[in-house]
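A.B. asks: Chain by chain, the residues run as shown.
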Amino acid sequence: MQAEKQSSSLARQILKSATESSLIPFLAILTAVIVGGIIISIVGGNPFQAYRGLIEGSLGSQKALSETAVWATPYIFAGLAVALAFKGGLFNIGAEGQLALGAVFSSLIGYALPGWLGFDLPTIIHLPLAIIVGMIAGGIWAGVVGALKAYTGGHEVINTIMMNYIALNTTSFLLNGIMKDKSPTNVIARTPMIADSARIPTIFEGLRVHWGFLLALLVAFFIWWLLTKTTLGFEIRTVGLNPDAAKYAGINVKRTITLTMVFSGMLAGLAGAIEVTGLNFRHELGFSIGYGFDAIAIALLGKSHPLGVVLAAILFAAMRNGATRMQFITQLPVDLISMLQAFILLFVAADAIVRYIYRVKSKGERVVLTRGWGG
Amino acid sequence: MDWKRFSFIALVIIVLFGAVVMVGQSQQRPILIITSMLATTIAVATPLTLGALSGVFCERSGVVNIGIEGMMLSAAFFGWLAAIYMFHVFGFPIGISITVGALFAVITGGLMGLLLAVLSITFNVDQIIGGTVINILAVGLTGFLNRQLFFGKGSVFGGQVPNSPGVLPTIHIPIREIFAPLCSDSIICIENIRAINRVFDQKPIAMGAVLLVFIAHFILFKTRWGLRTRSVGEHPKAADTVGINVFKMRYANVIIGGCLAGLAGAYFTIESVPSFEPLLTNGRGFISLAAMIFGNWTPIGAWAAALVFGASQALQINMQLFRESIPPQWAFLQQSYVVGLAPYILTMLILTGIIGKTTPPAADGVPYEK
Numbered sequence: 337m338q339a340e341k342q343s344s345s346l347a348r349q350i351l352k353s354a355t356e357s358s359l360i361p362f363l364a365i366l367t368a369v370i371v372g373g374i375i376i377s378i379v380g381g382n383p384f385q386a387y388r389g390l391i392e393g394s395l396g397s398q399k400a401l402s403e404t405a406v407w408a409t410p411y412i413f414a415g416l417a418v419a420l421a422f423k424g425g426l427f428n429i430g431a432e433g434q435l436a437l438g439a440v441f442s443s444l445i446g447y448a449l450p451g452w453l454g455f456d457l458p459t460i461i462h463l464p465l466a467i468i469v470g471m472i473a474g475g476i477w478a479g480v481v482g483a484l485k486a487y488t489g490g491h492e493v494i495n496t497i498m499m500n501y502i503a504l505n506t507t508s509f510l511l512n513g514i515m516k517d518k519s520p521t522n523v524i525a526r527t528p529m530i531a532d533s534a535r536i537p538t539i540f541e542g543l544r545v546h547w548g549f550l551l552a553l554l555v556a557f558f559i560w561w562l563l564t565k566t567t568l569g570f571e572i573r574t575v576g577l578n579p580d581a582a583k584y585a586g587i588n589v590k591r592t593i594t595l596t597m598v599f600s601g602m603l604a605g606l607a608g609a610i611e612v613t614g615l616n617f618r619h620e621l622g623f624s625i626g627y628g629f630d631a632i633a634i635a636l637l638g639k640s641h642p643l644g645v646v647l648a649a650i651l652f653a654a655m656r657n658g659a660t661r662m663q664f665i666t667q668l669p670v671d672l673i674s675m676l677q678a679f680i681l682l683f684v685a686a687d688a689i690v691r692y693i694y695r696v697k698s699k700g701e702r703v704v705l706t707r708g709w710g711g
Numbered sequence: 287m288d289w290k291r292f293s294f295i296a297l298v299i300i301v302l303f304g305a306v307v308m309v310g311q312s313q314q315r316p317i318l319i320i321t322s323m324l325a326t327t328i329a330v331a332t333p334l335t336l337g338a339l340s341g342v343f344c345e346r347s348g349v350v351n352i353g354i355e356g357m358m359l360s361a362a363f364f365g366w367l368a369a370i371y372m373f374h375v376f377g378f379p380i381g382i383s384i385t386v387g388a389l390f391a392v393i394t395g396g397l398m399g400l401l402l403a404v405l406s407i408t409f410n411v412d413q414i415i416g417g418t419v420i421n422i423l424a425v426g427l428t429g430f431l432n433r434q435l436f437f438g439k440g441s442v443f444g445g446q447v448p449n450s451p452g453v454l455p456t457i458h459i460p461i462r463e464i465f466a467p468l469c470s471d472s473i474i475c476i477e478n479i480r481a482i483n484r485v486f487d488q489k490p491i492a493m494g495a496v497l498l499v500f501i502a503h504f505i506l507f508k509t510r511w512g513l514r515t516r517s518v519g520e521h522p523k524a525a526d527t528v529g530i531n532v533f534k535m536r537y538a539n540v541i542i543g544g545c546l547a548g549l550a551g552a553y554f555t556i557e558s559v560p561s562f563e564p565l566l567t568n569g570r571g572f573i574s575l576a577a578m579i580f581g582n583w584t585p586i587g588a589w590a591a592a593l594v595f596g597a598s599q600a601l602q603i604n605m606q607l608f609r610e611s612i613p614p615q616w617a618f619l620q621q622s623y624v625v626g627l628a629p630y631i632l633t634m635l636i637l638t639g640i641i642g643k644t645t646p647p648a649a650d651g652v653p654y655e656k
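If you read the protein sequences in the order shown, they are chains A and B. In terms of the numbering used here, the first sequence opens at residue 337 and continues consecutively. In terms of the numbering used here, the second sequence opens at residue 287 and continues consecutively.
Just so you know, the hints here were simulated from the structure itself, not pulled from any lab data. Glycine residues also receive a C-beta, built at the ideal position from the N, C-alpha and C atoms. Take these hints with a grain of salt, some might be off.
Unchecked claim - So the derived list for chain A, only partly shown, Cβ under 7 Å to chain B, looks like this: (1) Glu392; (2) Gly396; (3) Thr488; (4) Ile494; (5) Asn505; (6) Ile665; (7) Pro669; (8) Ala678.
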């Protein structure tokens with residue numbers, strides 16, 4: 337009797353905490369949709385048509401669903417990158433640069449390696465190699481910032497942004513120079529197409545959704561496992577919560593900070609590598625722009641929990657994907673989505689506003705995500 | 287600001303100027319190159335100076351402002367938009383339109399500052415997240431409105447971006463008129479004076495920025511307001527105990543900071559070029575944060591650091607003029623994406639603290655709860 341009561345109350349508790357933790361994001365999205373609707377009306381659009389277009393375009397058909405998954409794939413990886421850094425007490429604004437670097441090196445392996453070796457590689461070797469090299473490139477790019485943070489105190493927020501600009505300049509340098517597609521018709525800064533052996537196959541015939549989407553879900557599960565079930569994950573979270581306590585507990589804080597950043601960058605690099613090997617089959621300059629900020633919004637909306645990140649990524653993907661249809665129906669520009677997402681982020685970050693509007697009580701706990709310059 | 291930091295700044299500026307003089311001396315006399323570099327440096331450092339001042343005001347009162355970039359971007363857009371509306375839709379003369387545009391930019395910045403204040407002071411949102419929200423919001427809002435207002439259905443402008451009424455004029459400081467008679471017909475002497483004059487002939491916001499550096503220094507270190515601001519940023523509890531309203535001081539300073547970032551935004555679209563493009567601030571807001579840190583949260587120090595970044599940008603611009611004189615093995619350096627890296631790498635170098643550690647205000651980034 338007692339045990340039964342306990343287990344039912346436990347179930348109720350779990351249910352309660354699940355609804356509670358998803359209540360604020362849900363209300364934040366709702367508020368953003370309302371505010372967005374008001375702005376659409378002000379500029380002379382019809383918000384109901386706009387939102388109908390968004391939903392139709394993202395979920396309305398097999399193709400729409402497939403495209404949403406295609407959009408969601410890099411979002412999941414990049415969102416996880418930012419979320420993992422948050423767990424470790426670091427703010428990685430540089431997912432964009434790490435993603436670009438991952439894409440550059442992945443495409444380099446994709447198109448150039450067979451030529452260097454002088455023979456074709458089987459997919460089983462070539463594809464993983466292209467992905468892993470891109471991942472490592474992203475990891476190194478972010479690792480530099482992590483090491484600077486750990487050993488010199490240079491703040492990661494500014495350094496990751498600086499690395500973004502350096503990445504953008506470096507990729508333009510490479511894509512306009514030695515890595516440029518030399519075919520006579522090409523005038524764009526982009527690499528040649530990668531070899532067939534370095535491409536991720538699609539899941540269904542005739543739809544663009546590829547196995548990278550499933551890999552993204554798998555990686556999200558792996559990150560959850562890493563954070564909650566392993567010593568390393570425990571160290572990352574402890575350093576994130578309280579570096580001083582971590583130090584006294586015997587955790588090597590500097591090493592953990594560097595490693596967290598390396599992992600974060602690897603995830604972002606993976607996003608770039610999968611975009612190249614699964615979707616674009618080349619790196620075209622500038623395709624990565626905007627992913628960094630989207631990834632931050634996704635990580636915050638998902639409360640840095642891997643499952644939350646996956647859901648938030650799918651939501652953002654649906655919005656991006658539905659935008660084209662919305663534009664077709666209402667003639668409202670696609671950029672509307674960026675604004676809508678900014679409002680979602682605003683209300684998620686400032687959950688106090690949402691609590692205030694809807695009179696939701698706070699449990700009195702404050703989550704410290706970042707620290708000032710000193711930390 | 288200690289001597290070590292200032293001498294580092296001086297050294298970097300001398301190296302940057304020296305590089306251009308070395309490349310260009312076969313075509314132009316050094317004094318002409320140096321004055322032209324100086325003039326460009328002061329002009330392009332303007333948004334960085336103002337951005338850094340914005341950061342100084344916010345952070346001296348204890349609020350980290352990572353949203354300077356977004357404040358600049360939105361101010362640049364709305365200022366430019368106001369100028370266009372005044373000129374094309376309401377039919378005001380050019381001068382009034384531009385002035386109103388600049389004013390609107392400052393107001394937009396102030397409103398963004400208010401948003402940051404509401405988020406971080408009233409709602410206790412993590413300040414770095416709050417700033418990031420402002421950055422993302424600015425990108426989304428300006429991108430959407432830029433597209434919608436000019437290319438959208440029912441646009442007043444019928445699908446094309448109208449010409450902006452123009453940019454602020456250069457103000458002439460009459461150095462030439464005063465000193466030229468002393469030259470007694472020496473052509474080179476008159477040429478030199480003209481060149482020196484060009485350094486001082488700046489546009490209003492650039493001049494205002496330099497003036498504001500000293501005004502900010504005076505306010506922060508010589509007035510009661512400044513003392514209160516600093517005490518709120520160092521030890522809010524103590525300030526509260528002696529009767530200073532921590533929330534009011536922080537609100538006021540963050541809004542002042544927003545207005546300064548707004549003026550920096552006006553530099554882009556009202557003073558520099560009469561057009562707007564998405565993402566035009568291009569990281570300047572973040573670089574000005576680095577300038578603020580390197581200047582150890584002081585207005586004059588931040589200005590000196592901003593000038594270093596200005597000089598590295600001036601190097602890029604001036605190198606273009608002497609393109610033919612660059613030896614072929616160094617030719618790759620003149621590609622903008624190689625020279626363009628300098629400010630970013632410099633920023634990261636500065637943040638490592640190898641040029642001297644800096645100390646932020648003690649309560650910087652810490653929300654105050656009674």
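A.B. asks: Does the nearest C-beta of chain B fall within a distance shorter than 7 Å of the C-beta of Ile665 (chain A)?
C.D. replies: The hint is violated - Ile665 (chain A) has no Cβ within 7 Å of chain B, the shortest such distance being about 11 Å.
A.B. asks: Grab the minimum C-beta distance from Thr488 (chain A) to chain B and call the hint holds if it beats 7 Å, violated otherwise.
C.D. replies: holds (4 Å)
A.B. asks: Would the hint on Asn505 (chain A) be counted as holding, given a Cβ-Cβ threshold of 7 Å to chain B?
C.D. replies: holds (4 Å)
A.B. asks: Taking the closest Cβ pair, is Glu392 (chain A) under 7 Å from chain B?
C.D. replies: violated (19 Å)
A.B. asks: Please verify that hint: Gly396 (chain A), Cβ, nearest Cβ of chain B, below 7 Å or not.
C.D. replies: Constraint on Gly396 (chain A) not satisfied, violated at 23 Å.
A.B. asks: Under 7 Å, Cβ to Cβ, is where Ala678 (chain A) needs to be relative to chain B, so tell me if that hint holds or is violated.
C.D. replies: Since the shortest Cβ distance to chain B is 4 Å, the answer is holds.
A.B. asks: How about Pro669 (chain A): closest beta carbon in chain B under 7 Å, or not?
C.D. replies: Hint on Pro669 (chain A): holds, closest Cβ of chain B at ~4 Å, below 7 Å.
A.B. asks: The hint names Ile494 (chain A) as touching chain B; please verify it with the least Cβ-Cβ distance against 7 Å.
C.D. replies: At about 6 Å, which falls below the 7 Å cut-off, the nearest Cβ of chain B leaves the hint on Ile494 (chain A) intact, so it holds.
Violated hints, in rising order: 1, 2 and 6; the structure is consistent with all others.
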